[in-house]
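Undergrad: In case you want the letters, here they are:
Number of protein chains: 2
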Amino acid sequence: MSEEAIAKFTQSVTDGDPRAIARALRLVDDRRAPYLDILKRLHAHTGRAYTIGITGTPGAGKSTLVGALVTAIREKGMRVAVIAIDPTSPFSGGAILGDRIRMQKHFLDEGVFIRSVATRGNLGGLSRSTADIARVLDAAGFDIILIETVGVGQDELEIAKTADTTIVVVAPGLGDDIQAIKAGILEIADVFCVNKADRDGADAAVADLEQMIGMGALTEAARKAGPHGHSAAMALLRAKPSDEDGSFHPKVVRTIAREGKGVGELLERCQEHRAYLEKSGLGATRRRERLERELQLIFREALLEKSEERLNDEFERAYERLHEKSDPYTEAQRLVDALLDMKE
Amino acid sequence: MSEEAIAKFTQSVTDGDPRAIARALRLVDDRRAPYLDILKRLHAHTGRAYTIGITGTPGAGKSTLVGALVTAIREKGMRVAVIAIDPTSPFSGGAILGDRIRMQKHFLDEGVFIRSVATRGNLGGLSRSTADIARVLDAAGFDIILIETVGVGQDELEIAKTADTTIVVVAPGLGDDIQAIKAGILEIADVFCVNKADRDGADAAVADLEQMIGMGALTEAARKAGPHGHSAAMALLRAKPSDEDGSFHPKVVRTIAREGKGVGELLERCQEHRAYLEKSGLGATRRRERLERELQLIFREALLEKSEERLNDEFERAYERLHEKSDPYTEAQRLVDALLDMKE
Chain A
1 MSEEAIAKFT
11 QSVTDGDPRA
21 IARALRLVDD
31 RRAPYLDILK
41 RLHAHTGRAY
51 TIGITGTPGA
61 GKSTLVGALV
71 TAIREKGMRV
81 AVIAIDPTSP
91 FSGGAILGDR
101 IRMQKHFLDE
111 GVFIRSVATR
121 GNLGGLSRST
131 ADIARVLDAA
141 GFDIILIETV
151 GVGQDELEIA
161 KTADTTIVVV
171 APGLGDDIQA
181 IKAGILEIAD
191 VFCVNKADRD
201 GADAAVADLE
211 QMIGMGALTE
221 AARKAGPHGH
231 SAAMALLRAK
241 PSDEDGSFHP
251 KVVRTIAREG
261 KGVGELLERC
271 QEHRAYLEKS
281 GLGATRRRER
291 LERELQLIFR
301 EALLEKSEER
311 LNDEFERAYE
321 RLHEKSDPYT
331 EAQRLVDALL
341 DMKE
Chain B
1 MSEEAIAKFT
11 QSVTDGDPRA
21 IARALRLVDD
31 RRAPYLDILK
41 RLHAHTGRAY
51 TIGITGTPGA
61 GKSTLVGALV
71 TAIREKGMRV
81 AVIAIDPTSP
91 FSGGAILGDR
101 IRMQKHFLDE
111 GVFIRSVATR
121 GNLGGLSRST
131 ADIARVLDAA
141 GFDIILIETV
151 GVGQDELEIA
161 KTADTTIVVV
171 APGLGDDIQA
181 IKAGILEIAD
191 VFCVNKADRD
201 GADAAVADLE
211 QMIGMGALTE
221 AARKAGPHGH
231 SAAMALLRAK
241 PSDEDGSFHP
251 KVVRTIAREG
261 KGVGELLERC
271 QEHRAYLEKS
281 GLGATRRRER
291 LERELQLIFR
301 EALLEKSEER
311 LNDEFERAYE
321 RLHEKSDPYT
331 EAQRLVDALL
341 DMKE
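Listed in order, the protein sequences are those of chains A and B. Each residue of the first sequence is one higher than the last, beginning at 1 in our numbering. Each residue of the second sequence is one higher than the last, beginning at 1 in our numbering.
Here chain A stands alone, though its shape is the one from the complex (with noise of 0.2 angstroms):
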């Protein structure tokens, strides 16, 4: 593609034009050329969007949830993209079209875009495609984007990252799961979503949840007041948590997405951890945190790759040097040695 080629189609997709966002997306997702020029020009596009991380432990309803919140904002007359990533997808050679199935009454709606995933390969790569599909979307003039993950792990901490606000789905009788997770998922969850709310133990799945959150809260006033404040912090968090010290505490919702309760409370929440974002300056920073984070992979994934064009050669002498006698930390340390004492 020409320069102006290029210029062209990254103006249809700013433009918002479904096959020049689909085709953008494949090459992203190829990484083909031009894809980085391509990237690179969008990304003057890009700050525009709020993106939704939904995640949570398997059997919780994420899917469901997702499909409601979409139609849920799509009512508000706002424009909406789902990112579905799918763990079991490396086995099958790409994504499963499950998420694609459930969504299709969404399907001839221009403003609701569904994309799924598939994992790739190490080295940070999900999080780094999640975040170039991302870019891509906001660019393309979508004013919410939603990112779902499956499961609980690595991945989906990292991908909690790349959003704004982050929902932790939950349902009762997954009990034990929670407490599993409880010590850690403070961190990365903005909301709580306790969906199957008519289930038996929602009740004390909130109820869990909100101990979690208090003492969280309280933990972190205890911090703030210094080594003598103990006590003067315990006071100050007899009640509830609240937002009034300028800090957002998490939140709890309780829906049942299959008839779409609760969703729209939930969506709420959401904007309203966005307004404390924007009015606190947090948000801000985090999306500098993020572009630094991005800039980190790329780097990382550019490095890779034309050190081990350049080191072809080395790569094979420490093969062999590694089948007779060596060692692969010895050898390692040999090609690193090489290479940053190479010239072109």
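Hints in this document: simulated from the structure, not taken from any laboratory. Predicted model only: the values in this text are computed from it and were never measured.
The list treats identical chains as interchangeable, and a pair is accepted whether it falls inside one copy or across any two copies.
Below, simulated DSS-like cross-link-like pairs (lysine-lysine); rule was C-alpha separation at most 25 angstroms, straight line:
# : residue 1 : residue 2
1 : Lys76     : Lys279
2 : Lys40     : Lys306
3 : Lys40     : Lys8
4 : Lys279    : Lys161
5 : Lys8      : Lys325
Put chain B on the given structure of chain A with help from the hints.
TA: Same frame as chain A, but now just chain B:
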């Protein structure tokens, strides 16, 4: 630690001293000095252990099966180590204890060693950690190392490459999952285990898997027979796939892990696969490939560590430009160029 102290310490590990093994694993886990010296020294003592990967869909009963395999292996008088990889652990900051509790009946048995692994960052960190841990346990003289992964994601695929033999566990009633992962699963499974075989649907699951194996064998035979050999291959394969032609076709075994039923047979099928690996020379090839992949992972980690250290100031300047009017793609390329044209 002095050179002499390291030599003495690694000697304790290769002698099988449980405390020394545990300490070595902690150092390796934390990447704390002198972990590299320890791994280098242990390398010469590795290559004896037989590693079995156990993966499959959640709910198939993998953990119970691992417990039953441990019992069966101990009954044969062999020493066994278990590496349990838990994807929920990044949330809790460390591996949860569930699997250890499940295994408590083996707790006082010095012939059994159980280790949980937390996933750590991206960059192939999980497979690197697993490989290092397996290496220590191999040098410590365990005859069999079981690597249990939870789920069927990209990490599991990577870890499957670490094992000599991979068992894929399924259970009746999880049929949809089998369909979803069908396409690629043949490539990693050496033995299929239909667990909970007393449940309805076990026969269907076995038939499903056998048909899948047959199709795989057919495709392979047709490929070998060349463009005009398709009908010959068809004729060859009208019967069940057999191993008479010197190739190995995955086996299907039924188990009821909680009663220990079928577990002896499962272990026998694994041993048959191991014998096939050695006889065919494929085992040696895989070990070579594995070592080369490990070298690559260690190289990547060392290179990134070194480069981020060297580029510290350049990164700061790149961040500044990024927040003004540049984009992460341009800055990443600039950093790569800066690194590779630098001298110390």
